[in-house]
Amino acid sequence: MQVLRGRAHKFGDDINTDYIISGKYKFKTLDMDELARHVMEDLDPDFYHKIRPGDFIVAGWNFGCGSSREQAPLVIKHARIGAVLAKSFARIFFRNAINTGLPVVECDTDQIEAGDELEVDLARGVVENLTKGVSIPIKPLPPVMLRILEDGGLIAHFQKHGGFKLEGV
Amino acid sequence: MGQTIAEKILSQAAGRQVQAGEIVVARVDQVMAQDGTAPLAIQVFRQMGGKNPFDPKRVNLVIDHSAPSPTESISNLHKMMREFAWEHGCHLYDVGDGVCHQVMVESGRVGPGCVVVGADSHTCTYGALGAFATGVGSTDLAAALISGRLWFKVPETIKVVCHGPLPPGVFAKDLILYLIGRFTADGATYKAVEYTGSAIKELSMEGRFTVANMAVEMGAKVGLMEVDEKTWEWLREHGGGEFTAFSSDPDAVYAKVVEFDLTSISPQVACPHRVDNVSPVEKVAGTKIDQAFIGTCTNGRLEDLRVAAQILAGRKIHPRVRLVVAPASRKVYLQAMREGILATLVEAGAAVVTPGCGPCVGTHNGVPADGEVVVSTANRNFKGRMGNAKAEIYLASPATVAASAIAGEITDPRPFLK
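Quick mapping for you: the protein sequence lines, in order, are chains A and B.
Quick note: the first sequence, position 163, residue 163 per the numbering used here, numbers continuous.
Just add 1000 to the spot in the second sequence (first one is 1) and you have the numbering used here.
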């Protein structure tokens, strides 16, 4: 897996899926590029325009809590965010992100401030904060999730294996 | 070693003995998706190479989040769901049939020992029937739709012992808000919650659904309850099939056991903008409101409408307040009509809307204005949840919401119930 590089956009704890993409938009369309324009809108109306491709969302505890809407990781991906870094993730969001191929990174985000330049190396399991000169270890993914992510998400996993191929992983 | 309910159900569904922490690929008994998640699931189903669902009689598609459709783009997504259901012979619940979780628990197809995945986070509601039921995203749902299976990490269980009885004027909603206030929004992340104790046993099935429904608001994967005579009676009334009930072994291993004394709690209110920002009603009483809402998969059932009618009978709502009521299902709607509950509510000033999720999720049927305050029986009060980030949402029981609609401010319902 390639090394990702970008700037940090910082958010707090318990960022829920309604904040990521409001229900008033998400039910309307399957066009994720259109929905992506509203990413995080209720927290920061200009957020979409602040993103440079490859930038990171960096948050605290329990990122992605709330609904099961898969539009949440999809709009983040379609807003060209490279990965989400958080101290912990809500369960359904974490699965949805892996299934749709959005890298999610569990690590100590207290060592990252808004605007810091980061390098995320998933293979080595480390985030390099280039601005601060610190290395932050990543909590490893469970092997089953790693298999799905390596296959390119669950759609690609099914296309490749014709169903679940996870036993013995 | 002894097993928890969650371990037993997943052992059976995986065909081998499993313990917390293991990964299993397990059989699913029912799958469900609603109009906010099904269109994406159908699209992914096709991308994955899906031709036919594994068993159409175990597939449930529910049009509830924007029902009837408020816009042409949503109408087209609804059409996509209908055509898929008709083509494959899946169960379709169309406009007016009700909120997905209520129609599922009324279907008779969900019961003890079942594994259910739903593309909606409040699928955990069916834990009240002893089912391992959990919310998933559209891609996981599509995988289950094709294969009839899904992978799960067998969760550790937190046992929550609730000592009752609840005081008069304090309801299932107050109980679960109180627990969430103590656990916080991620207090049970990745875990199964097993609710037990006299306060749970005394609840009706409807009240138990309210409690199981909000397990996800503390991060839990499932919110399970032990099966008893009330469970079987509910299933008999709703034409339930054959099910096998599981209970935890005396030597089952829990992540932790937490006990709560609920015998002297007050009605509870979750304040903006977090579900775990919970206070006793006394602390927030007097907060002016503009809208009140009774409905949702949490509190739109018959006993919820019944207690609201009891409070509103012969009274009028405050002249500056709107009261929106959405019965949770067609069955609830009809029974509320027959009992005269709806007449009482409408005479008091309520606007009754089609059974569905609209007001709770901000799609239509009651979006608040800038700066307005809503008191609602729903399960989430996140900023923007009801469609306007400049509004504030308080969550409470149907009794508290009804009393507040009369007073025009958040109000302790207990004096109205004497």
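Keep in mind that the hints were calculated from the coordinates and are not lab data.
Careful: at least some of the hints might be erroneous.
A short, non-exhaustive set of chain A residues, derived as facing chain B with CB atoms under 10 Å [to be verified]:
#1 His9
#2 Asn16
#3 Gly66
Simulated restraints on C-beta separations [said to hold, decoys possible]:
#4 A:Arg124 to B:Gly1049: 50 to 56 Å
#5 B:Glu1087 to A:Glu150: 46 to 52 Å
#6 A:Gly125 to B:Glu1242: 45 to 51 Å
#7 A:Gln2 to B:Glu1087: 53 to 59 Å
Note that CB positions come from ideal geometry on N, CA and C, so glycine has one too.
Hints, verified against the model:
With 10 Å as the threshold, the beta carbon of His9 of chain A stays out of range of chain B, its nearest partner Cβ sitting at about 18 Å, so the hint is violated. Satisfaction of the interface hint for Asn16 of chain A is found here, the shortest Cβ-Cβ separation to chain B being roughly 5 Å, below the 10 Å cut-off. The closest approach between the C-beta of Gly66 of chain A and any C-beta of chain B is roughly 7 Å, which is under the 10 Å cut-off, so the hint is satisfied. For Arg124 of chain A and Gly1049 of chain B, the hinted distance range of 50 to 56 Å is not satisfied, since their beta carbons lie about 34 Å from each other.
As the Cβ distance of Glu1087 of chain B to Glu150 of chain A is approximately 34 Å, the hint placing it in 46 to 52 Å is violated. Hint check: Gly125 of chain A to Glu1242 of chain B, Cβ distance near 48 Å, so the stated range 45 to 51 Å holds. Range check, Gln2 of chain A to Glu1087 of chain B: about 41 Å between beta-carbon atoms, so the 53 to 59 Å window is missed.
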